[in-house]
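S.K.: The listed protein sequences correspond, in order, to chains A and B.
Counting in this note's numbering, the first sequence runs from 1 upward without gaps.
Counting in this note's numbering, the second sequence runs from 1001 upward without gaps.
Mixed in with the good hints, there may be bad ones.
Only some residues are given here: those of chain B computed to face chain A with a beta carbon under 10 Å [said to hold, decoys possible]:
id, residue
1, 1102
2, 1108
3, 1122
4, 1123
5, 1143
6, 1219
7, 1221
8, 1223
9, 1265
10, 1297
11, 1311
12, 1312
13, 1313
14, 1337
15, 1343
Simulated from the structure, these hints should not be mistaken for laboratory data.
Predicted, not measured: the structure shown is a model, and the values here were computed from it.
Every residue, glycine too, gets a C-beta built ideally from N, C-alpha and C.
2 protein chains.
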Amino acid sequence: DSERQRMFMEAMAYLSLYYREQEGFAGFIPRMARIHDEIMQTGTYWQGEKELAHGARVAWRNNSRCIGRLHWNSLAVRDMRHVQTAEEIYEALVEHIRVATNGGKIRSTISIFAPQVPGEPGIRIWNPQLIRYAGYRQPNGLLIGDPTQEELSEVARQLGWKGGPGTPFDVLPLIIQMPHQQPMLFELPHDVILEVPLTHPEYAWFEDLGLKWHALPVISNMRLEVGGVSYTAAPFNGWYMGTEIGARNLGDVERYNLLPIIAEKMGLKTRLDRELWKDRALVELNVAVLSSFTQHGVTIIDHHTAARQFIHHQRNEEEAGRVLPADWSWIVPPMSGSVTPVFHVPYKDCTLAPNFFPQQDPWK
Amino acid sequence: DSERQRMFMEAMAYLSLYYREQEGFAGFIPRMARIHDEIMQTGTYWQGEKELAHGARVAWRNNSRCIGRLHWNSLAVRDMRHVQTAEEIYEALVEHIRVATNGGKIRSTISIFAPQVPGEPGIRIWNPQLIRYAGYRQPNGLLIGDPTQEELSEVARQLGWKGGPGTPFDVLPLIIQMPHQQPMLFELPHDVILEVPLTHPEYAWFEDLGLKWHALPVISNMRLEVGGVSYTAAPFNGWYMGTEIGARNLGDVERYNLLPIIAEKMGLKTRLDRELWKDRALVELNVAVLSSFTQHGVTIIDHHTAARQFIHHQRNEEEAGRVLPADWSWIVPPMSGSVTPVFHVPYKDCTLAPNFFPQQDPWK
Ligand code: HEM
Ligand code: HEM
């Protein structure tokens, strides 16, 4: 039928890339013949470990929004397709956090769980990232924690979560759902989550704000597609670029919204926008993030270095004769845009496979 | 023929907008009948003063790249279509600068010269802006002034310009070309060009850098198209948004590249990108620009206020039932992007007429 047809076409497109880049063309034809038979019999096919690993790396290379792609070929791939239960997935995720955190020397890592059976629901991790802070709406209307996690925090409660201690930085439990089953809740062990308390190299008062952030960003709600096969649970991490924490997570008005308080502590008047108090506070918050991570031996990259690495990646891809799909509005950092070299490049975008794709939140 | 056909269709599209927005539908049919006759006889048509003025305002309103569009309806339109010679154009441009500068209280103004005759070259002002600083390549390879003006400075020399005194801020002569004629050079009178010396509210040494910038940004190389008619010389100005000077003109590596020297004077170490010395210097340079302009009574807007005004404009346009074409990468300011509300809006872009369009540099 046409589903199998499509699967075979996608398999062919990816396998030809895989053989071209990794194996040379010799094995391609017999492999495609086997895949063809398998798809005709089962509607899908089982990828070899090396096929899958390269597919995950190329998915990263192809993702238009990621500025960190220079390192695409060094992604550590954990083949977890044999794992059968939510409990085992939970254990594998804890292990992912442990090996990827690596005491602060962060390793780019992906854990790939069993693929979606065509026409059936796939395994889902409900959390957008493995480590995220809860957001609690107070009776007085104010919000404690991360406003973007308010909904998931509420969903977790309805699934039986008792809630955390009520700080602005309570780590959410994991919610894992196997196909055709109810979602299950799991608390992450505290000792596996590396966090960095934020201090500022010049402002002693900064420490008293009691801010911190977790070391490891593991995106856990995207679908990895390789050769027509969908991995709906395939959490991956790199290391942070400083602005993700300092500009967006802690700075955005709709997130922790910390610029007004930092500006005030800096002694800036916050009445007139044209005195650029937001810009000044933004820079110092980002200085705090970068220096605190560095001080604690946790890998992080500043947006200038990341942008330069991306320009390097751009040259690599050009030399390899590949197009570089890039979404300018995501590649240019959210602060000091025109100071980074990527601002001045008119990137073209397109959607290549393999890739990572957003999925609908499962509770919606 | 098909040229006249196209002209008539464009005229109809614009005039129907003009009558809808300005006059009510009563006069539309007889006006279109007259335009039809005129196009059939001459290949083009002469727009009424009010038709032209509204067209210029709508061209501004339609330009996807401009963050200043809240004020579109208050554009002052100078109808200069009767002007016949390069000398008279020069005089009109000097007068434009004078009335638009208005002693510092800048008035958004456009001067519209005679339209292009279809199939013939149009009047051209070779300068990208009426006021721009020359760029001189030194024998030692270094560049004095504005690197983006190096080529035009050289072109001016070949047309007989003697060159300025050799400072980094020598105002370029105007180069005006009438259809089928040679381009002509005109020096702008010094007293008409308002400039702002840059100081910093806290750093006394800033003044000693000897920086300044001109008060008035008059874009002079774009084509205004209204109702199918092309005005190839129609220079327009608003007031500056601070980042245009502080982030781009003075900050870009390919422009005045001042961040390293400012950072050094601020006592910052400039060895490590992750200490964000560029970001800190960028903010202070922009503080200097905004405060110096304000101090000298010259209209300027900071990027926070401009972004807020644009959100206001967005609401206005929605209420008016119009689409808002916007190019996100131009609307989001080049510094502190995510701190401004426009960063968080996924703008859609499209090209509406009337509009301003880029033109090829005439010497190329
Ligand atoms: C190695 C260090 C890495 C850095 C510094 C980095 C940096 C970034 C940044 C700054 C973003 C934008 C995030 C945002 O604004 O929300 C991003 C997005 C993204 N990155 Fe990376 N990244 C890294 C590793 C990885 C890895 C290992 C993968 C996958 C294997 C990956 C895949 C993606 C994807 C799919 C997105 C888009 C997310 C979305 O659409 O919401 N990145 N990256
Ligand atoms: C009133 C104050 C104004 C402000 C604050 C403003 C602000 C801006 C800014 C920041 C840009 C981007 C410039 C760049 O990055 O190179 C821009 C572009 C533009 N603006 Fe405005 N503007 C104003 C008035 C006007 C007026 C009066 C017009 C025309 C009647 C206009 C038409 C345009 C056009 C056509 C562009 C795009 C230029 C290009 O494509 O290179 N603006 N504006």
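S.K.: Please flag the earlier hints that this structure goes against, numbers listed from lowest up.
M.R.: The structure conflicts with hints 1, 2, 3, 4, 5, 6, 7, 8, 9, 10, 11, 12, 13, although it agrees with all the remaining ones.
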